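Visitor: Keeping their order, the protein sequence lines are chains B and U.
For the record, in the first sequence the residue sitting at position 434 is 434 according to the numbering used here, with numbers rising by one throughout.
Numbers in the numbering used here are just positions in the second sequence, counted from 1, shifted up by 562.
Treat the hints with care, since some could be wrong.
[To be verified] Taking beta-carbon pairs under 8 Å as the criterion, some of the chain U residues facing chain B (in silico):
no.	residue
1	Tyr568
2	Leu609
3	Arg610
4	Pro643
5	Thr652
[Stated by the list, open to error] Derived coverage of chain U by chain B (criterion: at least 3 residues anywhere in the stretch with Cβ under 8 Å from a Cβ of chain B; other residues may be distant):
no.	segment
6	623–629
7	677–690
Read the hints as simulated data drawn from the structure, not as lab findings.
Keep in mind it's a predicted model, so treat the numbers as computed, not measured.
Ideal Cβ placement from N, Cα and C applies to all residues, glycine included.
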Amino acid sequence: MPADDYVPLMFQAQVEGRSQIQRLIPSQKADQQAYDWAKQWQKGCDKNNVPQFESHIQTRKYQFTWRMVTNSGQDAGVIRPVIGERGWAYFPGSSMKGAFLRACRQLCPADEVLLFCGGKDKDGELHPGMLRFHGGYPNDAEWLDNSLVDVVHPQEDWQSKNQGNHSAFIQISLHQPTFVFGISSSKTLTSEQWELVWKVWRTALEQGIGSRVSAGYGQIATHSGNKLVGFSLSGEGPASKLIDGQEEFRPNLFKAALRGHTRRLFNGITDEATADRITKLLWGGIGRGEDAIVGLLGISFNAPNLELEEWQSPVHRNNVVPIYETGDAVLDVLLMKSDLTSEQQDELKQFIIRLMKFAMLLGGFGKSWRRAYHPHFFPAYKRQLIGCHWEFTKRSYPLYIPFGEDLAAITKFLDTFHDKGKELSWLQKLEPQEKLTPGIREAWHQSNVQVWGRLARDKKDSLAIRWLHEPYQGAKSIKHSELTGWSSRNDLQPKTKIGRIWHRLYPRFHRTQNSDGRPIWKPTTQYAELLTIFPDDSTVSDDFLDFLGRKPYGFKQLWGNQ
Amino acid sequence: MTWKLYEIDRTAHDLVLEFRDREVLGESHKMRATIAYGLERFWGEHLRLSQKEKERDKSDFWKATWDALCKVMKDAGITVPNDSVNPRNTSEIKSMAAKLWDERVLTIEQRKVALAVLIEICDSLVWWTQRYKK
Numbered sequence: 001m002p003a004d005d006y007v008p009l010m011f012q013a014q015v016e017g018r019s020q021i022q023r024l025i026p027s028q029k030a031d032q033q034a035y036d037w038a039k040q041w042q043k044g045c046d047k048n049n050v051p052q053f054e055s056h057i058q059t060r061k062y063q064f065t066w067r068m069v070t071n072s073g074q075d076a077g078v079i080r081p082v083i084g085e086r087g088w089a090y091f092p093g094s095s096m097k098g099a100f101l102r103a104c105r106q107l108c109p110a111d112e113v114l115l116f117c118g119g120k121d122k123d124g125e126l127h128p129g130m131l132r133f134h135g136g137y138p139n140d141a142e143w144l145d146n147s148l149v150d151v152v153h154p155q156e157d158w159q160s161k162n163q164g165n166h167s168a169f170i171q172i173s174l175h176q177p178t179f180v181f182g183i184s185s186s187k188t189l190t191s192e193q194w195e196l197v198w199k200v201w202r203t204a205l206e207q208g209i210g211s212r213v214s215a216g217y218g219q220i221a222t223h224s225g226n227k228l229v230g231f232s233l234s235g236e237g238p239a240s241k242l243i244d245g246q247e248e249f250r251p252n253l254f255k256a257a258l259r260g261h262t263r264r265l266f267n268g269i270t271d272e273a274t275a276d277r278i279t280k281l282l283w284g285g286i287g288r289g290e291d292a293i294v295g296l297l298g299i300s301f302n303a304p305n306l307e308l309e310e311w312q313s314p315v316h317r318n319n320v321v322p323i324y325e326t327g328d329a330v331l332d333v334l335l336m337k338s339d340l341t342s343e344q345q346d347e348l349k350q351f352i353i354r355l356m357k358f359a360m361l362l363g364g365f366g367k368s369w370r371r372a373y374h375p376h377f378f379p380a381y382k383r384q385l386i387g388c389h390w391e392f393t394k395r396s397y398p399l400y401i402p403f404g405e406d407l408a409a410i411t412k413f414l415d416t417f418h419d420k421g422k423e424l425s426w427l428q429k430l431e432p433q434e435k436l437t438p439g440i441r442e443a444w445h446q447s448n449v450q451v452w453g454r455l456a457r458d459k460k461d462s463l464a465i466r467w468l469h470e471p472y473q474g475a476k477s478i479k480h481s482e483l484t485g486w487s488s489r490n491d492l493q494p495k496t497k498i499g500r501i502w503h504r505l506y507p508r509f510h511r512t513q514n515s516d517g518r519p520i521w522k523p524t525t526q527y528a529e530l531l532t533i534f535p536d537d538s539t540v541s542d543d544f545l546d547f548l549g550r551k552p553y554g555f556k557q558l559w560g561n562q
Numbered sequence: 563m564t565w566k567l568y569e570i571d572r573t574a575h576d577l578v579l580e581f582r583d584r585e586v587l588g589e590s591h592k593m594r595a596t597i598a599y600g601l602e603r604f605w606g607e608h609l610r611l612s613q614k615e616k617e618r619d620k621s622d623f624w625k626a627t628w629d630a631l632c633k634v635m636k637d638a639g640i641t642v643p644n645d646s647v648n649p650r651n652t653s654e655i656k657s658m659a660a661k662l663w664d665e666r667v668l669t670i671e672q673r674k675v676a677l678a679v680l681i682e683i684c685d686s687l688v689w690w691t692q693r694y695k696k
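Based on the provided sequences and hints, a complete structural model is requested.
Guide: Put into structure tokens, the structure is as follows:
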């Protein structure tokens, strides 16, 4: 082979025909140049020599709950970590100082900020800071065994608009690394001062470091200063697969879901441009210049007992998919900016709680989120793994909507969810909506959506789940229709179509009081079986709504106009 | 042997003056950093940038810097390959890349000299950029 074929991809021209690590060719699975590139890096790294800080440098170790990326900014088109000493991933000291300074300003008085980080004093005179930030390195070579190639796949337009464009792109990030960070001081600090320094650094880490922190990247397990609200929950469902087929639970799915519901809600309240704007203000958004926004909110997910397993279809032996069980986990919604008043923070907190209650009531998280988890509610169905199931765990039981036999509490919640959305007008003036913007499929508005529900006595008592696979009445069926959508069908155009119906089984909880009057939440075996339908003008849709209108098996409409 | 002026600093100054109104001077920092990855990576950058309409000016800046390198090297008696390449034509790209790594075209010594000169050009570019950038 000629010499130029042996050249590492990093040293080749970043154009087609040579190095193309940013290109993702879905049909090629693991045969992407990004994997070759990562392998070259993993092989080139001197794994026997863990970078050590000099003895005068103080160090502390922190583990990241999911992926972490420190964009080098070197390869336009590829997001990848900075490569430091002897090929080790590195978090630069300069980035460390930036994060430290931000946290220091929140925690410490101005004179201490000046002492630690330097800057201009009151008279405008420049002072050097005492602290030196030496950056961070992984604490051992374990990160080299993990998949560094991380596919980011924004699907917002595909899901909530008219199946618009969506393409995945490749990013190189570290999976659950433990980093050692080093700080030294030019003057001797007391041990109390060092404690303060590390407290500030911990606070800085709690706000996330590196890129995409609002989607759960670069987060450690605790969030003391910037946590808006935390949710205790657990979930099961199909896990994501990286492009090479390796399975992974990807916590960025929470942000995607909450962001999607935010957009649905505001598309039902105001015009499209305003809804887009609010969604961006809350969750951030990319774009050029003015359009790029750091959102107010971010997420961090910590599931210490998460397990990934494989599900194999008993009827199609080669249908094997990864599934997750998160165990008791915590989802923290974080405030990414610190300049809000306490009233605004509180409003935002109430908004997030309602949004999360909504997501748990009618949707799920991650893949197949529009369907109830078939292994729980329709165990006889064995062809595919469909759906997911999420529940609040003990500390968040009070977030369950306690409903009676008539499910009226659910109607009330949905009314509130819609009405209260308008109260975020301090964020952005809401333009009154004259009529719904055409092309937005899932706008949350009385005229555009119907929620139907019934009480199911236990998990075997789900009826609607069968209607997705069998006729609901006589020969009438919604299977593989525009209403239900379909996926991966070679005989249909398009191959995958997102349906207009969501199905959920929402646990029923009783709220009672203990002897000293404190509320207690008691689980029952019952569920609210809920169908959320965004009707179109098709016969299938009309027929099905007619059928529901006759209140079969206790189904009745809870929200939306008929 | 007499002292020969290659006027690398003047070359860099000319480049900065030529490109300062096209809002691309920030690229000179990237150029300096890219040298760590060698000649091919540096050369390839103008091709990558040329594929996006809005980055055409950046592409021109990288290519002009490469041309400047080739000229300085030529004055010194070393020919650095500089084929005109269509970014859509893979075989042209491959053949140019091959030349840059081919001992018969450019010896390792010559490559080292070329990189040293390129570093000098880019250091000067950065220096002038810091003075002219708006």
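Visitor: It remains to establish, for every hint, whether it holds in the given structure.
Guide: Hints and how they fare:
no.	hint	in the structure
1	Tyr568	violated (26 Å)
2	Leu609	holds (5 Å)
3	Arg610	holds (5 Å)
4	Pro643	violated (12 Å)
5	Thr652	holds (4 Å)
6	623–629	violated (count 0)
7	677–690	violated (count 0)
Checked against the numbered hints given earlier, the structure breaks hints 1, 4, 6, 7 and satisfies all the rest.
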